[in-house]
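Combine both chains into one complex, guided by the hints.
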Amino acid sequence: MSHMTNPLATPEQLFQRRSFGALPLELQDAIFFAAQCLTQAAGILLQLPQSITAQANVLLARYWLVEPLMAHEFSDVSAAAMYLTAKLSASPRSPRDVCNVYAYLVSPASTFFHPLHQPLAAAAAENNPPKYCLSESQYQSFHARLLAIEARVFYALSFNTHVALPHPLAVTYLQALDFLNMPKETIAKRALAYLNAAVLSPQMLYCTSQPNALAVAAIYNAARDVGAKMPECEWWEVFDVDREELGFLVVGMRSIEGWGRKIRGEEEPIKGWKGKGMLTRRMVQEELRRRGIEEVGEEGDDVEADMARRLDERMAELEGGS
Amino acid sequence: MSILESQEGGNAPSPRSFAIAHQRPKSSFVGCSRITDYEVLGKLGEGTFGEVHRARSKKTGALVALKKIIMHNEKDGFPITALREIKLLKLLSHKNILRLEDMAVEHPARSTDKRKRPIMYMVTPYMDHDLSGLLDNPSVHFTVPQIKCYMLQLLEGLKYLHANHILHRDMKAANLLINNKGILQIADFGLARHYDGEVPKPGKGGGEGRRDYTSLVVTRWYRPPELLLHLKRYTTAIDMWGVGCVFGEMLVGKPILAGESDGHQLEIIFELCGSPTDENMPGWRSLPGAEAIHPRPRPETISQRFGSHGPVAVSLLRELLKLDWRSRINAIDALQHPYFRTAPYPAQPGELPSFEESHELDRRKFHDRRAALPPAPKGGTVGRGPHDGSNAGFGGGGGDGFGSRNGVNGGRYPRNSRDPPPADGRVPAWHRDRGLPPRPPPPIDYPLDHPDGYRDRGGRPPRGGGGGRQDVDTYIPSYDRDAPRRRRDDRDDRRHDWDRPRRPDFDERARASRTRSRSRSPIVRDRERDRDRDRDRDRDMYRR
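Sequences listed follow chains P and R, in order.
The C-terminal residue of the first sequence carries number 322 in UniProt numbering, and the numbering is unbroken.
The C-terminal residue of the second sequence carries number 544 in UniProt numbering, and the numbering is unbroken.
The following block holds chain R by itself, in its conformation from the complex (with noise of 0.2 Å):
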């Protein structure tokens, strides 16, 4: 083996030198690094996938965010969905493809645990926001450049992934993290999958499916017709159906196409695109799923519903949003075309707007800081964070419409999770104060299941103002005991915000047990975790 030591010894200026200077970094085959490399900053989400904390990395003091691996005990192992994800992103190199840094692990502390298996993490940078919960701020308003900025990246995203053979197939406002540098990166890849078929090329659009996939992917507000009438043959055209859902999310400022269930998915497509006809849908009367509708005859409604932003807006959002799979437009040509071509141009990442931006930092940075929270001390209560404030608040309001919302759609963090659309206006008066405590602390021994949401100030150490940022920032979950951390994850009624939505299944059983989820009872939670569980394992029979 020393003839390879000496090989690296004298380096030739030659191609192989050359290789070896940029292939992957030795580190890479050294093992996963240990939780211990990353100092814990509080807890982000939880979702069916796992919880997601923040952290900042002790060996380059970057923060990133640590995505918790949930072992089921699975009688197959390593769960394959989170298998692929993690293959997936460590092949993948682009800017607006969130990285995949490291894969941490964290042992169970010896005897007294029960849990006999370590736990994974995957590391992920920071990313301040995600594109739903940035949408959701009534104070942030896209402007034109901006909005233009952002669909530049996530195309060019998107032609990467398409490019790979890859389909993401949960295109969706969540699912897109942008940080504060203006740069957008699509993540969550537990649905993405390698693609048989041809990559797209320019002005073909989809092209043609080469087999067969299952059709119980993309969340729901975001699924193209063809998945919806249960094309099993579909193409990388699935993924761009998305990124005209999220365009149009952006013009408006809410998602545009909120269905309750899949055949008003339909009916709202319908209306929206027009009624499918052999003209502008050709053979949708042979898919599995067109047999039992007989939608009536509606002509499309885009320009009217959205005009006012201009002609070439529309074009695109048309281009994007054809019933025709195979004629809709693809990432390469979406890119050439004259919207980003136009005045206004689109932004440099670096000079959007950093007045508004800046602001909206500040206030996701203090909402960060108190979802961050320490469990309350024992015998107190649970800390929870202050969007639990701010969804109680409206979940008592809106109730049924809060659950839906959420099972569908819900924020990447928690956060971030968005409110019910209003039927008029895009910011309800409730939501508008949701910033800093509007109102005083309840006592430190207030119930743990009262119905208020604020319950959570009870725990919490008494600060000043803005202040208080040491006691979070210091904070180390303490993750050798047992007991805090089985109370932490006792909190599943946040489970929509991580990744909840990329459910494949979002039926009424599930939308129900969504809504049940606003249960304060902890037994129910926990019935209600069962069944993410049982859910969870249907749907990684479905990812094959």
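Just chain P, with the same shape it has in the complex (with noise of 0.2 Å):
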């Protein structure tokens, strides 16, 4: 039984998304990251359990491993991922319900990506319905982009759609450490908490690593923040991680707040996403076009430097936090 590993995916895979047509680096990481908070905040709406949601984030994280980012919309095939991880899990939704929750967060009618700030009376006076209320002839089109996708899906992924999730290891293995002598549930929580905000990281973290690294790294990155103390030794050992790849994922999964933060904030990839709610392609072409992008990139060069100039941030990062 493989119920505890995840395939994972291979340095060609990931050397290929990053030569995969046109798109600049930050693009598809903005991208990836807005889908993933989308189908998080559809989670919550279709009133999912995280272990449902959270399945569905790895699903779509895989499928874009395998195809490419700009074949779809990208709500569509959050939604597609959605759909068929609660359809196979004991909670099914249906596409009806997928398609309104949908439609509501990709409106401007939701929070969702748009600036809190905005008066909330003001929104709710702008809070009208026929904005995300589809009509007969828009519903089937989603119904039939939705089941086009989950078809793909399926095929990207081999139909290897059982995802092991990390964080029922993190609390076996948080009380197999007697929670390092710290209240269960303030180190758990926050244990948790990376695990969840790891879902969302462009770097994939859940296709990189096994279930039981990353709950080690989370456990890691959750003792350093309660001010835990861990054992002298090199206890990871005892969970099958080794030095080198949790030294990784501690930074990888540290480094995501921060950069969620500025990718929504100053620092905008894309002009004009911000207060616009979800990415959509057509905001990705329209920015390509303003970049002069059109087509297929040549910058197969510039990938591997690129590469390389991010690794040194993060272990100049590394560093700079420990």
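Ranges between beta-carbon positions, derived for each pair: (1) 91/R with 226/P: 32 to 40 Å; (2) 196/R with 276/P: 43 to 51 Å; (3) 276/P with 75/R: 29 to 37 Å; (4) 96/P with 336/R: 47 to 55 Å; (5) 111/P with 91/R: 33 to 41 Å.
Simulated from the structure, these hints should not be mistaken for laboratory data.
In this text, a Cβ means the ideal position worked out from N, Cα and C, and glycines have one as well.
Printed below as a string of structure tokens:
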């Protein structure tokens, strides 16, 4: 049984992703991040537990390792991943529910990716149902897209729909570590928060590391945050994680918050995204046009240099942080 | 991402590198195979779920079975039942569980094709027989060591399933596949689901159920009394009852509890196991289905019926066929039963009687080859497998009996479809000569709807003796053309084979339509298929 492990991305897939089409890296990352956030928001509105929503996040990440980002509308892919994960779970959701939720989330009426400083009263006044109520024909076309992409996802994943989440492992490991002598909720909550945030990381941590490594890294980060004293020895070895991978994951998880703020904040990768809600393909295409990139870019050489640069940044961050 | 790559390079012997070495093959993440990766050798059977083809992998050369997943253009997308089966099979890994090796996709041919969606196939290893078909073969007689060997493997597989919280819910001889190396594998997880209760523990029987499931599962002849009485909070014990039925079937060579309706099924169960009392089936009166029935008191007759197989066999059978699902033996304990520790001892899979087996194999292969015939050339007759010939033979004789027989318990592959068990003997005369063509081929332009099943021979290229293998092995169905495919699809009267019996609703309607499906009229067949589709949809609801 491979209940405990996940299929991981191959180095070729990761590299290929970085050279897919004309999309500059920061655009890819923004799309990935936006779609994963959208999936999380939809999971909440569909009243699905995080154990299902997070699986949808992982399946979405797996899918985008195999198929190009721009092939479908991002929100549609997110909806398909959400729909098929729920279908396989104990709490399936009807296409109609999924449609309603996504129609709302991508509409201007929702608060998703819209500035919160908008006065709530004004937002309520604008709460105009037709903006997110779809007509029957709109629903039909959404439904058709949903099923078409669902089939695409299954095909791309070769039906490897099983996702082993690290959350239960993290709790088990914490129990084994006696919660590092901290109050149980404090440290467990923090560790799970790291795991949930890692789902959004454009580094695709869930596709590059097995659940046990993610769980250990989350515990390590949580312990540092709450000031718990970790065992002196190389305790991660007990959980089959080596130091190098742990280091990589610790930095990866720590960088998400700052990175997310940056991308939503001052340093916009896409002009005019701010306050416009969910990122759409059209926005990305306009951005590409604005930058003068039309088709498949010839930046194959830059990719490696760029990766090296990003790596250096991360290492610097790690050193600075510790 | 180069961090990862560097890690790949410098592998110290750490737990992690061990884990890497043992994780899923990376290739499992590259999407599905193409149908062109397989050389399709011919159709094995056809069911509600889809057709089954025999094929050879071009990569490994291994023989595989391709099970087509029928997409009904459902409004809920990819069928959840197929998804569940795929997901379960991908998680399982045991020598006695049929392995899902791959998923293959067939893209529709470009513009001319109306079917827009690609077709998916599940790829499993090719197994030579199913137990139902094997038992049905008059030239095969199971020895006691052989039965013990199969039983051990069946129980090992089931122990693994139950330990991993999986209910099979369609245990029956036709779902047990056997290859020529003597390996038995449990197949067909279309009704299987995750089990929420506690896993069986030694000496604890099936334990108590924790939550409700649908009671519309398991083929009737293998359905335990608690399901017939509509217990919803059932346990892994429902699969153990099926094991008991299969065990008895191996001992006597035919299904031991072949009920004609749900009520009749209960009748014959009580006839064999005794009528229910508060001692042998505590709480049976409070089951929803028990209100309407008033079984007359009867003693248990297992030792009378199976006494000739020895007291130890009777003892195991009695444990498996206990009316009380809580104390019915579980797979762990059954494996420890004295039956497997008394002479004659169980055979090893490799040392099963090779003489009979190889003889059987030759026959099977011959049947396969004929089953794999290409569709007849245009204007000719549709190529049908020889099994249809024999089926039609007894279909004409038995009529209704045949329909009901297959409606409930069709073999996995059509060549194995079993006959209605005659009242007295197990080998009817007309069955014995189903080997080589007993009749000369009819003329090429034989009418399509001739009641005689041998009409297929008309379209077949002539061949001499046992030869003619080449014309089949090199045959690759043209997946790109619509016409021949539709023709093959039309032959719906063979749907009974692959997994029709998994349908939970074996009501009279199903039986009736099954019987009617023997009709030779293509129009009726089409209507038939529509109805199947409806029923399919109904069934999907039950599986939730």
